[in-house]
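J.: Sequence:
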Amino acid sequence: MVNGSASRQESTGELLTGRFEPRSGAKALVTSGHAVLLVRERHSDGTPFWTLPGGGVCAHENPVEGLRRELVEELGCRSRVDDPVSTFWYAHDSHEATVSMYTVFECSLLSEPVPNHGEGVFEARWVEPDSLPPATLPQVRYLCQAAVDSATGKD
Numbered sequence: 001m002v003n004g005s006a007s008r009q010e011s012t013g014e015l016l017t018g019r020f021e022p023r024s025g026a027k028a029l030v031t032s033g034h035a036v037l038l039v040r041e042r043h044s045d046g047t048p049f050w051t052l053p054g055g056g057v058c059a060h061e062n063p064v065e066g067l068r069r070e071l072v073e074e075l076g077c078r079s080r081v082d083d084p085v086s087t088f089w090y091a092h093d094s095h096e097a098t099v100s101m102y103t104v105f106e107c108s109l110l111s112e113p114v115p116n117h118g119e120g121v122f123e124a125r126w127v128e129p130d131s132l133p134p135a136t137l138p139q140v141r142y143l144c145q146a147a148v149d150s151a152t153g154k155d
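Numbering (our numbering), first residue to last: 1 to 155.
Simulated from the structure, these hints should not be mistaken for lab results.
It cannot be assumed that every hint is accurate.
[Stated by the list, open to error] Label-pair ranges, simulated between beta-carbon atoms: (1) 123 / 44: 15 to 23 Å; (2) 35 / 87: 18 to 26 Å; (3) 45 / 106: 30 to 38 Å; (4) 130 / 86: 14 to 22 Å; (5) 125 / 46: 16 to 24 Å; (6) 45 / 150: 29 to 37 Å.
Yeah, the Cβ is synthetic: ideal placement off N, Cα and C, and Gly gets one too.
Between the sequences and the hints, there should be enough to build the whole structure, so can you do that?
T.: Next comes the structure, spelled out in structure tokens:
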């Protein structure tokens, strides 16, 4: 992908080219012991998936402000946001031609998370990286394992 353009090859052999809208976002990597906090959301077709809490950052916010707002909206939690630990890209199927670049911050929650169905969060669960739900986004799988490996001194 170059300058907001994307190309992909369909199984028919036809080359599809298009433009996408980049979107900034922020996600929280919240750990407790060997577990990571995940939230269950749904794709536009209703299929559930698991990801890190967080979401889009508004134009008037910096990533930390946006993440704090998202954690209040999605989980009813205030948080302490620490340093960024990673980034990942996500192509949305619910926002046509939208690709988000998420900055992932190490975070601590200051209260128990309570999923807000109105914000599209249907469950919050502490999960060990070796037993992540099958529908966990691949980018999130990688980050969860890396976080626990780092905390336990594995490389």
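J.: Would you list, in rising numerical order, the hints stated earlier that this structure does not obey?
T.: none
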